[in-house]
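Chains as they are written, first to last, in this note's numbering: chain R, 1 to 579; chain W, 1 to 105; chain S, 1 to 227; chain C, 1 to 327.
To be clear, the hints were calculated from the coordinates, so they are not data collected in a lab. Think of the CB as a built atom: it goes at the ideal place given N, C-alpha and C, for glycine as much as any other residue. Any given hint could turn out to be false.
[Unchecked claim] Residues from chain W shown here face chain S by an in silico Cβ test under 10 Å; the list is partial:
#1 VAL9
#2 ILE12
#3 ILE30
#4 ALA32
#5 GLY38
#6 VAL41
#7 SER43
#8 ALA46
#9 GLY67
#10 LEU70
#11 TRP74
#12 PHE95
Below are the chains, spelled out letter by letter.
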Amino acid sequence: MSAHSEAGTPVGASPETSAVSSHRSEPSYLSAGHTLRSWLFTLDHKRIAILYLITISAFFVVGGLAAGAVRVELISPRGTFMSNEVYNRMFTLHGVVMIFFFLIPAIPAILGNFLVPLMVGARDLAFPRLNLLSYYLYLAGGLLALTAAVTGGVDTGWTFYTPYSTFYSSSQVTMTIAGAFIAGFSSIATGINFIVTIHKMRAPGLTWFRLPLFIWAHYATSIIIVLGTPVVAITLLLVVAERVFHIGVFDPRYGGDPVLFQHLFWFYSHPAVYIMILPAMGVISEVIACFARKRVFGYHFVAGSSLAIAVLGFLVWGHHMFVSGQSMYAGMVFSFLSFLVAIPSAVKVFNWTATIYKGSVSFDAPMLFVFCFIGLFLIGGLTGLFLASLATDVHLTHTYFVVAHFHYVMVGGAISAYFAGLHFWWPKITGRMYPEVIARITAVILFMGFHLTFLPQFLMGFAGMPRRYHYYPPEFQTLHVMSTAGATVMAIAYLLPVIYLVWSLKYGRVASANPWNATGLEWQIPSPPPTHNFDEVPVVTGEPYDYEHLALSENEEADGTRAAVPRPQLDPAARGGAA
Amino acid sequence: MHGSQHSHVIPIAVYLRSFVALMALLVLTIAASHVPLGTGVSSALAFTIALIKAVIVVLYFMHVRYGTRLVWVWSAVGFFWLIIMFAITLSDYVFRSIVRVQGWQ
Amino acid sequence: MSAVSRSSHLSQPSHVAFDEVSHQFEDIEQQREAYVVGMWAFLVTEIMFFGAVFLIYTVYRTLNHAAFYEAHKQLDIGLGTLNTFILLTSSLTMALAVHWAQVRNRRAQIMALTSTLGLAGAFIVVKAIEYSHKFAHHLFPGGNFVYPDASIADQARLFFSLYFGATGLHALHVVVGMLVIGAMLTRALRDRDARADYIPVEMTGLYWHFVDIVWIFLFPLLYLIPR
Amino acid sequence: MNNPVFPEQASSFAVEVDAIYYLLWALTIGFSLLVMAVLIFLAYRYRRGARVDRSKPVHSDLRVELLWSVVPLIIGLCVFAWSAHLYARTRIPPDDAMEIYVIGKRWMWQMQHGNGVRENAELHIPVNRNIKLTMISQDVIHSFYVPAFRVKHDVVPGTYTRLWFRPTKTGRYRLYCSQYCGTQHSQMDGWVTVMEPEAFERWLEAEGNEANVKTVGLADAGKQLFDQMACGSCHGSNAQTGSIPAAQRGGSLNGLYGSLVKLKGGRQVKADEAYLRESIMRPNEKIVDGYWAIMPSYEGQLTEEQVLQLIAYIKTLGKSEPPRGGQ
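Next comes chain R alone, as it looks inside the complex (with noise of 0.2 Å):
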């Protein structure tokens, strides 16, 4: 089958019958084998996204769980369900799943693995069978943390702050903390895959500066990923050999530092939040490109503030520890380091507003899942200056302040995207068309749920009310309460699209291989696509995001002058060449 791409129609005429998926010569990847061992040994990189996808899932909905627990707890001053040692196990399982285990490795085990190939346009990732590894070294990890939790849960925080982890917590923080370290390895080895992948494995003619935006993030993030992750893998491997051994490694006695183990985890900790909400940003570039039909403003810029975040992100961690006992001068220089980082998030988001300018808007669902993002993305990022700025990080550390803060960053940031993201390619992942009303609907309920939850706890940390406390002083409970609401509403809006998008397996229309005209490798192939993905190697002529001629001719079409033919990026003609 000829590299071209179909005439696509554009959304909302006349639905594609079910003839697309008749005339094509290999089955997709989906039906390329129906046995459990063709789908637990796979070495195609769509498979194993396609297994994350499920495992991550159910992880996410574990640390929902949790977090559900812990707000219904918040309901009253003196908590009536929960004795203190099962809150602090709820809190911590819910910071340890959501990040460890969903935030982390979401985006990019995902909706990574699946596209960064495709965007490539490689047949698959540069060392399919470590990609395997990875998946289940995610899932014992993520095995291993569960059985903690079951067997009696781990109540230090995720942070593991010593010496309460290594000397005075009697849980499960050694199995814990295995369960982190083996996930850890998982990502090392999705960051190893993708930076051989982006490096030598691109389509001839494929230069940097044509390489989508979603790219970038993903480059970006491998490179924090493969720097991050081993510091803490060996800081964690410490406290635990602090409570086996007793070792005295962080432990002042012995002539040890507690602080230092803030700073080792730190270092891995913030640069983390950037690998967290990277990949989003990719996800945002390239839907408000596709729905916006027109390219992102300042691709150059909005590329490079990838890679200056992930620079930046690993020079500023000080600042979760300026009350810590940290010196009063490294406290300055971190601060104003934070500023600095601030700023390439501040350029994107800049970037991204001025893209929708002479563009021709449609607000499909993933499209309202970006505003989604855009919003609360803002509102997050700014307030984190207060936590930069030292003098009012002073007051607000340690308070709920902070919380609401980083749920805007990564619940109103990177869920959001990860949904619009979800939404934008579940055509080119499951070949079926998710219902488009309903999932307008969970962005508007998601968006109005999320400023219910947290907008009373930016309020609640001005006052005092500090972290990870289980009775409160009764002058917080209305707020509590209010955010309680706002957590149910969000819970609806989180199993919304489980629900439609599961029935849009069955019952969902078949998507065409380009249902959003949109540009892309990964939309010049049939969706969902078949094993080997390209038959022959795609060559690259144009640059990305080449939406100007469907702009101006959806709008004339607007008015029935003509229908809309998309010019394919690809030149058919020139196949092959030298690179």
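Start from chain R and add chains W, S and C according to the hints.
Same frame as chain R, now just chains W, S and C:
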């Protein structure tokens, strides 16, 4: 990128020369440890000698000297990040001993 | 990259022999460079992994310099130097093994790999001897840690836990290296003539040289603490 | 109840910290509304199907990129400078501050006044007076946090951490432990009562000779401990002239606190609480020039409270005598 020099075969003489250099530096670093130069100077000296040995191994034994620019970048980025981590963390410990700088009242 | 389009075969061959080009690569050159860059990306993680250990050691040495200086006298500099010599020589023989793999000289390659394996074994033996001395003097920080000079006993315990931690981690990497070199050796012995693809031996070499570099830094930091 | 939008300001820092806070909220709301407004306007104006001029779309413009990089940076750095300057003032305590020692232990704060009065989970302090808290933890990391004063600092085992503030309004304010420290982390709170100076003095006296509380001044307890542990054998005034050979003598401690000490190897260190504590717990770390590393370590033999008492006693040494000449 076509025709990377990767298949370039390095003469054995280069390896032997590097090995001799490594041996010399080993003897030098042990000798230097017996010379009382004060804590800071001798630690720095020992570290630089080790650094030179490491650079020899990376350039000649690991063929980075003849590798493509890509291999250059990926062999340097690890050590460069170490410098970042060491510099900023140790600066915190150095600053802690400076209790008060006059004039900042 | 030669752009001749390869006919796409459907199923991925279960066992990819190193001489062939796996289906996702265009040609052997791209595959080789991919594996080398992949190896370097992995070595970056190892550099950061050991880097964090060195950072912890450096911070604690600056905080407890006097105690660390006293405690390091218990270490046997002679054995340390011998180990450094052994590891540097094994690095040479490994580099020669890669050289002969490139020129497809199977016999020389086998000889070089064997000597590298032998030297690695010697390193482990010397390490074991050193550890046994420490255990005899109750200097292992696990259970009954006894240190003659009571005034710095606690900090000496920290020094020895860092010593055992760092050299133990390094020794583990040496053992893993021995397994990989062993695999290369058996593969070379099994083949009648040297394989065209030297990349696996090259990658083993990269890993082994990295393990050597870790020891190059470990030796002066632990054994040669200035006054 | 202090309402969450304008919480109570009860210390000299509170007003300025809140000023930065409200400025940052103004910037946040301003920028967010601006960007969202522009976004919605553009999305509506250029929605698909709208008949509007879409010719010559702009894809990149260096001037605009520089504008929206440099302007936020400048605004940010101004906020940084203001905040850093205020932060420096909060971290360096004035010399005339009233000294109170705080010991954090799992799930209770213990406060010790100069004259030996001890309080649990309660702190009584006079208004309009600089208060300096020297804090240490006996187990895990806690964090001393009084929202009304806008001050917080972690309490770390093994080293002293400092916190100072100047209460400006009388009343009772909540005290929290804000760094997670285990099962009853949320029950490790307390109250800070700010009183008029006279009322505070009366309270101190009343607490002092309370029948059941045998309060020995912190320094006096230190002196008893000093004699009990026979520290005087090396550091006492008779040791300087007595029979003990010079090689086994420790330096005289008169006037030591606050002076600059010249160490072996040329470094100079200020003899503050941290130096005194380290010299007791890990004496060999900093050897004074002209002396030998012979002092045994007292790590584990003294509780934090006893170390505080010794330090309080050492501070009183040499106050009566003229400060020693340069060593």
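Status of each hint after checking the structure:
Among the interface hints, the one on VAL9 of chain W holds; its C-beta lies about 5 Å from the nearest C-beta in chain S, closer than the 10 Å criterion. At its closest, the beta carbon of ILE12 of chain W sits 6 Å from a beta carbon of chain S; the interface hint therefore holds under the 10 Å criterion. Using the Cβ-Cβ criterion of 10 Å, the hint placing ILE30 of chain W at the interface with chain S is satisfied: the shortest such distance is roughly 6 Å. Annotation: ALA32 of chain W was flagged as interfacial toward chain S, and the flag holds, the nearest CB pair being 8 Å apart, inside 10 Å.
Interface restraint check: GLY38 of chain W against chain S, minimum CB-CB distance 7 Å, threshold 10 Å, status holds. Contact between VAL41 of chain W and chain S, as hinted, is supported at the beta carbon level, the nearest pair being about 8 Å apart and thus within 10 Å. A hinted interface residue such as SER43 of chain W counts as satisfied when its beta carbon comes closer than 10 Å to some beta carbon of chain S; here the least separation is about 6 Å, so the hint holds. Residue-level restraint check for ALA46 of chain W holds (minimum Cβ-Cβ distance to chain S is 4 Å; threshold 10 Å).
Because the smallest distance between the Cβ of GLY67 of chain W and any Cβ of chain S comes to about 7 Å, under 10 Å, the interface hint for this residue holds. Annotation: LEU70 of chain W was flagged as interfacial toward chain S, and the flag holds, the nearest CB pair being 6 Å apart, inside 10 Å. The beta carbon of TRP74 of chain W comes within 4 Å of a beta carbon in chain S, closer than 10 Å, and the hint placing it at the interface holds. Because the beta carbon of PHE95 of chain W sits about 13 Å from the nearest beta carbon in chain S, more than 10 Å, this interface hint is broken.
In terms of the numbered hints stated before, the structure departs from hint 12 and from no other.
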